[in-house]
Amino acid sequence: DTGVSQNPRHKITKRGQNVTFRCDPISEHNRLYWYRQTLGQGPEFLTYFQNEAQLEKSRLLSDRFSAERPKGSFSTLEIQRTEQGDSAMYLCASSLTTSTDTQYFGPGTRLTVL
Amino acid sequence: AQSVSQHNHHVILSEAASLELGCNYSYGGTVNLFWYVQYPGQHLQLLLKYFSGDPLVKGIKGFEAEFIKSKFSFNLRKPSVQWSDTAEYFCAVKGGVYGNKLVFGAGTILRVKS
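Keeping their order, the protein sequence lines are chains A and B.
As numbered in our numbering, residues 37 to 150 make up the first sequence, in order.
As numbered in our numbering, residues 31 to 144 make up the second sequence, in order.
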């Protein structure tokens with residue numbers, strides 16, 4: 037039983053560059069979530085998909101951020117024109133829509149913007 | 031805005047001591063409650079969850095939590111901690127006005143001295 041996987045695990049980029057992260061959810065999980073975590077804080081919600089539909093976006097998600105889940109399986113999160121404040125751990129989670137819907141997390145992608 | 035508070039950011043205990051980590055959330059209707067744990071170098075893992083029924087829930091590794099609706103609390107407990115319990119613990123809420131996303135507390139770093 038494979039868990040949620042994320043690639044890359046680490047990304048170092050220069051300010052102004054674009055970056056893209058990938059998340060592969062647990063197979064058959066129809067919901068996929070993106071969170072961001074900075075040092076000393078709990079994860080903060082960014083956006084989520086049910087199948088291929090993006091159902092909710094946080095106000096944290098500026099117009100430089102875009103997420104897709106084109107076939108309802110894996111998802112990508114792109115950050116355009118990165119800023120130093122984007123440095124964080126980007127977490128992906130997935131769940132199956134049931135009465136006890138529980139999110140399972142991947143290892144995260146740590147982004148460092150220089 | 032809906033929020034989750036964890037009372038202690040750092041806790042240091044000796045092995046065999048009892049543990050209680052506080053978690054309070056702002057009212058949001060009928061909610062689901064979770065504790066996640068992050069061991070050093072590992073990703074977020076589910077420790078236990080409450081959806082309905084018995085307000086005392088048992089999780090993995092001897093942890094339990096009690097949902098007290100009147101106090102909007104979901105405190106985590108363990109009668110006797112081990113060195114291997116050293117980790118960061120996050121309380122999270124979803125459902126009700128929180129929606130399908132998880133709203134996390136800031137986390138509590140637990141260090142257990144051997």
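It is worth saying that the hints were derived from the structure and are not from the lab.
Some clues are possibly wrong.
Here are some, though not all, of the chain B residues that point toward chain A, as calculated from beta-carbon distances under 7 Å [as the list claims (entries may be wrong)]:
(1) His73
(2) Lys79
(3) Gly83
(4) Gly89
(5) Ala117
(6) Phe120
(7) Phe134
(8) Ile139
Among the chain A residues that face chain B by a calculated CB cut under 10 Å, a handful are [unchecked claim]:
(9) Pro44
(10) His46
(11) Lys47
(12) Glu80
(13) Gly108
(14) Ser109
(15) Gly144
Where chain B lies over chain A, by a calculated footprint (3+ residues, C-beta under 8 Å) [said to hold, decoys possible]:
(16) 51-62
(17) 65-79
Here a beta-carbon is modelled for each residue, glycine too, at the ideal position from N, C-alpha and C.
Task: Ascending list of hint numbers which this structure does not respect - done: 3, 4, 5, 8, 9, 10, 11, 13, 14, 16
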